[in-house]
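Okay, here's what each chain looks like letter by letter:
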Amino acid sequence: MIFQIILLIMLAYVVGFIYFGLYRNITARIQGRYGPTVYQSFYDSIKLFSKNNTVSYGWMFYLGPVIMATGAVLTLVLVPVFSDSDFLRSVTSQGNLFVLLYLMVLGPLGNALAVGTGGNPFGVMGVVRGLTRLIGLELPFYIAVVGLIIAANSSDIVHIIDVQKTAGLNIINHPLLFIGAMISMVGFFGASPFDIPGAPQEVYSGPRTEFSGKFLALLMSQGSLFAFAKLVLIVDLFLGGADSLVMLVLKTFTIFVAIIFIGIVYGRYKVEQAVDFLMKLPTLIAVLGLARIVWFG
Amino acid sequence: MSLGYYFLLPVLFSFLTPYFKKLGSFTLRGSSILLSLVLFLQTVAYVGVKLPQISQFSIKPPLGIAFILDGYSLLFLLIFTFSALVVSFYMYWFFEENSGRDEARFYVFFNMLIAGSIGMILSCDIFNLYIFFEITGICSYTLSAFNKDKLGLESGIKYLIIGSIASIFIVFAIMLIYLQIGTVNLGLIAQRFHLIDPKISVLIVLMLFIGFGAKAELFPMNFWAPDIYQGSISSVNGLFSSVVAKAYLFVFFHLFYLFNLGSKYMLFVMVIGAITFLVSEFTALNQTNVKRLFAYSTLGQLGILFMALSTNSSQTVSGALFHLTSHSISKLLIFLALGILIHKFKSAKIDILGNFKSGFLTIVLAIGFLSILGIPPFSGFVGKILILKGFALSQNYTAIAFILLVSIVEAIYFFRLTAMMLDKKRAKVTVKVGSVNYIILTLLAVLIILFGVYPSLLTHYTDLATNALLHPTNYLNYALGVGL
Amino acid sequence: MNSIFLLLNLLPILFLYQFGGALHVSLPLTSEFTLSLIQTPLGTFFAYLSLISFLLVTIAQKSKKLACNYYVLQFLLSMAMLAIVLAGDFITFFIGWEIMTWSSYFLISKSNSIDIKSLQKYILFSLASAFSLIAGIVIAYSFAHSFDFSVISNSFKDMPFNIKVALIVLFSLSFFTKAGVIGLHYWVVDTYSKAPNLFSSILSAVMSKMGIYGLFLVYGNIVGYQELKMMFGTILNGTDFGYVLAWIGVATSIIATFKAITQDEVKRLLAYSSIAQLGYIIAVIGFGTTYGVAGAMYHTLIHTIIKLLLFINVAAIVAQTGKNRFSQLGGLIYRTPVSFVMLLIGIIGLAGMPPLGGFASKFMMYNAAIDTKFALILIGMLFSGAASFLYCYKLVYGIYLGHPTSKNLETTKEVPISYLIPQIILALLLVLAGTFPGAFIKIINPILVEFSLSTIPYSGLGVMNSAVGSFNGFFIMSAFVVFFVLILLLITRIKSKAKNNLNRFDISYCGEVPTQDTSLHFGFGFGTDLYRIKFVNAILKRSSSSFYESLATQTKKTSELFSRMYYGNIHNTMIIILLFFSTLFFIGVN
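Protein chains in written order, with the working numbering: chain P, 1 to 297; chain U, 1 to 484; chain G, 1 to 590.
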């Protein structure tokens, strides 16, 4: 089991960074730039691990990124990666979709403590923007998740995957929920138009302002792990999971590309615009999907 | 001891007052305490004796004059004599502090007031009742004008005028009764009341209602009451609230049930009571003078009592009598405690009185307030819950809702006063409470708590009183002289 | 003094423990009233909850020099609450309720910051609650002819439908006021924020729970969930009644959450948060299902622990610094590190994050909503949960993180140990509740039996089972700790020199160097974004105060109108008497 966990983390690390590299690359191409190489993020992370910190603000500042990384790793191991296999099944069965929903916020909140300790107002501004954005961002996603749970009558992810084997994929059965969840996902990945917390030119680089050296490296690494975990979760919920590595990469990549292409054509929202927008159309779409399940399902 | 002493002793003491005065102020004050003590002990001695008791003077009733003590009057007698005792102790302190006041004048009328009030509840013929009514009235006018200042004299005059109007109505009613039935004995009237021509009987009932209602401070006839309270000293306010008003209320309902008017006039009295309650509590909200405020509060409580006593159901009436007793004790406590404050601050303005600092007074006043509001574990709670229970049994939900809603209005001003007492930001003036007052206020507070946590002490007597009030067969027999 | 009352508070706990569920006392008050105390599983749960809370708060009061009468009132209050939860009839219940009302009133009045208006608000709402309760009690009495819970419960089925509804509405209104449901919460915030700091913890953690106990008592015992279902019918998999209640609860929770975020005063934030959390409980209490009841019960426990912890923490900080606003605090983390950790545990619980107890109770409630298919209710709860992260972060940031806003905050010492002991106990409880959520199933099952609902399967201390899923608290806690330690070890292995900040102004600040005068604490800025969001703005700018203010004005107007009649002209009085007489005569004769 320990071996499997290490394997999973490494896989997520690699895949996550490659996706992140691709994201930067594709964004650049669309904007008419050449952009960095796909592996640039790798290099950055390894370089940063060996760099000195410019400054440290005491133990809470130290622990924040660790908490965030812990949250990401925990999320990763609790999401069932492969359907139809015993891969880490004994671990994932201890969790639950609700556990994941809240675990996904634990890490950022832990990091927010470090940001607060750092005392940089721009960092805190970024955190507050992030938390405010969360009010709107989680809404369509929660509705989608609740809809799926009610449809499967279980909050166990494995069970939701299993249901899709017989009843068909959720993306086909509940397309409205999928659309809602995808719009939220754009935000969860920090892609525009919802890239508000760390918005450059507005609040420095937001929550990461004060971090440097190994902390920044740790934050970047957990970011890629986390991104991978979120992609796998979406695949599990809507695409019936993946039974092999190839399928996993294929499905996650598809979702990932979709997210990039949705986001990239829009400019950045203000916080209130983002929440307003999310509370209207995406929520409405998701609620319609939900109503179909609850009242007519 | 004959019941006649209840009247004779106070009158005797009253007439002896000038001699007592010559013997020194201590004797004068002591005599009043002695008198109240004797009357109170005498009443306590009646507890447990088989009731009703009758004392006839020379000729057997229905032709002669007699005093009858039944369960109903026993309860009131206990309240009256106890209140008199407490007030006489309080006045000892009062005159100690205000030496140079006309003590003798006070005691003459104080003793007569006791005599009149007790006479009203004991006498069993309507003409004697009227005489005692007048005695009580005259003493009240003089007592309310005890302060010979503008307010005091104004209140005396106003009371006199209203008292006279009430008397006129009552005399007319008695006259009509005598014309129709040819008797003034309550027993005979009760027996033959249904024989009177309905139109005349309506007139009689109305006149009695106006007469006693005006005195018992019912709504459209009580515009004078707050002025009286404002003008008189606070111990007299206590007497008015716990003795005099209660005596008129006693007679009102005594006649109400003796003449068996319950079925016909119940709703009417209940509505009048309810309006009194509503109007008084709302008006009390707007007061800046503490005496006026508690005058309105008294009116409001009388309103509840009229509502509950007119129901003709033993549950409600018993509760109402409990409430009445508890209200008498609480109001006495409040007025006496306020008297100490008013003496200290030489003002009755709420804003000024709120500046006192005395843990003891705060506690006893709070107990009094909570009790009147009907909050456990104080005696007012038992009374109120019994009344509500009685209304619930007759499924009169309107009355329940009404009482509870208006009680919230009542709570507004009671708790405004409490908050003022507790407010730390006010300039605080330490008020010392003398040992006499300390004892009587503690006694009253303890009684309030005692009746609250152990109501059986009192419910026994209220049940007895209720039984006597609603089923006056024994009373009628005695009043008619049957079996004497 | 403190030690005496500490022992005195310990006594009832031992007493209750000694009886172990067999307590049954009846005491005749009059020939008609009998006071009775019966120990039911539900009552026992709430009894321990309140008694232990009082004990912990008394420990914290050690460092404050309080007068004897304060302790006496507080003890009276705890006994009143004991009477409420152990009452076997409505008279005992009501007596306990009213003693609770006035003893807490006098305790609140002992605060230095209280004003008459807040006191009036508190007592009038409390009395309105009590009067609504007594109205319900006497109406029930008029049919059952007894105040006994069991008798009323038995005769409830035979009452007319409108009476049943009236009873449920009256009781609910009374208990809603105590719990601070939105619209009836007008008194809550002022009272909680202006009461003595340590007493606020009792108000929020224990007294509001008496409202919840009342709701359980009425819905579960007196009326019965089966009867509720039969009376109102069902919607989806739950009852119609529960659905309406759930919307009330969710609305409370959402509105209060947004209000909480915008508060500047620490205790006001906690007060709104308290309203919001009780909103969750009210949302699930009416479901009438096993998991609804269990969720409400579990959240009651967790909320009590959290609010005690947070209020004691804040009381300690206020006592230590003399400041009670976010805009006046900040940067205390390295001055008062233990307090910081305690508050951190508290807010992680409050936000409902997984390894701690807060998650277990939320999990239970969410699953209950799935079970009944109340999807929108669940989304409402999740939504308000997501918004609550903001005020949780504001709480920890505003006090402990960021920059100190004044010089004397830089020299603050750690709070006295007596404040820390109860906090540490509570924090441990919170951790245990998250690690062994299954233990709660053992507590709740007897209560579910009392409500004649099916019980929850028990499969180990660490496992929380629910209708549609389960999770292993023990596993998640250990996994979290293991990963945390591993990553920490890993990161400390990587040697990298870092200059410790010698100066707190040593931050990136757009190329400039901030000075003492630069406003660096973001405490003010929290929640201003919210006003620009249309939906949230609509919530924030509305307030129930205008309604109650106008009610007060109307009362005053009425009062003025009536008092105009009493202007003391004796001639008019005479004329009125005569007119009254003639009118009556005219009516009477005809």
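The hints are simulated quantities; they were obtained by calculation from the structure and are not laboratory data. The structure displayed is predicted, hence computed values, not measured ones. Check each hint, because a few of them may be wrong.
Claimed, not checked - Cβ pair distances, simulated, as ranges:
id: 1; chain 1: P; residue 1: Lys280; chain 2: G; residue 2: Ser519; range: 33 to 39 Å
id: 2; chain 1: G; residue 1: Met1; chain 2: U; residue 2: Phe15; range: 54 to 60 Å
id: 3; chain 1: U; residue 1: Arg426; chain 2: G; residue 2: Asn154; range: 17 to 23 Å
id: 4; chain 1: U; residue 1: Ile200; chain 2: G; residue 2: Val244; range: 56 to 62 Å
Backbone N, C-alpha and C fix where the C-beta goes; we use that ideal spot for every residue, glycine too.
C-beta pair Arg426 (chain U), Asn154 (chain G): status relative to the range 17 to 23 Å that was hinted: violated (53 Å)
Evaluate the given range 33 to 39 Å for the C-beta pair formed by Lys280 (chain P) and Ser519 (chain G). 35 Å Cβ-Cβ, so the 33 to 39 Å window holds.
Can the suggested window of 54 to 60 Å be confirmed for the beta-carbon pair Met1 (chain G) and Phe15 (chain U)? Given a distance of about 58 Å, which is inside 54 to 60 Å, the answer is holds.
Range hint 56 to 62 Å: satisfied by the CB atoms of Ile200 (chain U) and Val244 (chain G)? holds (60 Å)
When the structure is compared with the earlier hints, a violation turns up for hint 3 alone.
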